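K.L.:
Sequence:
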Amino acid sequence: MGALKTTPLTGYEIELGAKMTPRAGWNTALYYPEGIIAEHRHTRSACSVFDLCSYGKLRVAGKEAAPALDTLFARPAADLGIGRCRRNFMLSETGGVLSLVLMLRMAEDDFLLVTDTGSAAGDLERISAHIAGREAEVQELTPLLACLGLEGPEARKVLESFAAGPLPEYSCCGTVEIDGFRAIAACAGATGEEGFRLLFNLEYADQLWDLLLETEPVMPAGFGALDSLRLEMGYPACGRELTAEFSPLDSGLGDLVRLDDARSFPGRQALLNRKQRHVLAGLLLETRRAAREGTLVLNAAEEVVGVVTGGSFCPSLETAAALCRLDLACMQPPGSELWCEVTDARLPGRIAEPPFYRGGSAKGDFFLP
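When the letters of the sequence shown are read in order and numbered with this note's numbering, they come out as residues 1 to 369.
Keep in mind that the hints were calculated from the coordinates and are not lab data. Being a predicted model, the structure only gives us computed values, none of them experimental. Don't take every hint at face value.
As a list, the in silico DSSO-like pairs of lysine-lysine whose alpha-carbon atoms are at most 30 Å apart [to be verified]:
#	residue 1	residue 2
1	K5	K19
2	K157	K19
3	K5	K275
Could you put together the complete structure from these sequences and hints?
P.N.:
The following block contains the structure:
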């Protein structure tokens, strides 16, 4: 195994006492000395900054950029307005979910894609192959652009305190000036709180990091809190709820896929021919103990009806919750009791429709219109 990649902020995170952990080949902050629960609660009540520099960043530009992306992603791209952003996903030819991408349209023929760390290399390869021969080009910007996530009900107020010009509203993106340099800001949080993705030249990463941490009430937070925050909202994650083995229909995303238009994209025919076999369900446990990914889910007859895709103690709820992929034929109504079979116990829980936490400051849906 080769050396882990580092972000421009890795050294600063270590100095702050962060617990570092490998993530798709990168050395990333899992949590800081205050711990995941404290970071989670601070994000819900105030504002936290996340180092997301390990995310992939791709630019697709040119006369045929829009039609090229429109025939590659499961959600349309050509109808995305200039200055708007939405989450989109790519499918395999068999209909499985390969990646989840935040798509920003900066101009008529200019798109910026922010991809998950684990799928970045594959996304670049797929997009490059798809646009070959078209009047468009793809540029990998991961080594050039930093990415910070600012999440929490105070996020907008914090940015407004030092950003020149108006900030983008929900599901919008634009360029702002921050402390003498320009950054792209997208109002597209991933925690259920109002949040921004900030993309800018890598050389300014430590400058903005320091500026944010010097601004009340910002605190640093790691990927552990980011995961528990998204799970409280029932948001899917690549590699967990979203995998190449299962279609969007089996992952709670069926309503987002456009099969009623004339577009042709990878996986379209497979979805038309494929029946839904599973359902992504929420489960509120009657304990603080979490059921982790891969835990079997049982019904009252002690039959295996599904598997946990992600689980965590949820600080905002003071109990544990999980997302589970259940066999469609075994799905029961909200309130029905199921059990998660961990090593030494069976944890009882009840089916609940996400989001589990409904008090967030976000103004709209995670996937954006």
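K.L.:
All hints are to be evaluated individually against the structure, with a verdict given for each.
P.N.:
These are the hints, each one checked on the structure:
no.: 1; hint: K5 with K19; verdict: 16 Å, holds
no.: 2; hint: K157 with K19; verdict: 29 Å, holds
no.: 3; hint: K5 with K275; verdict: 41 Å, violated
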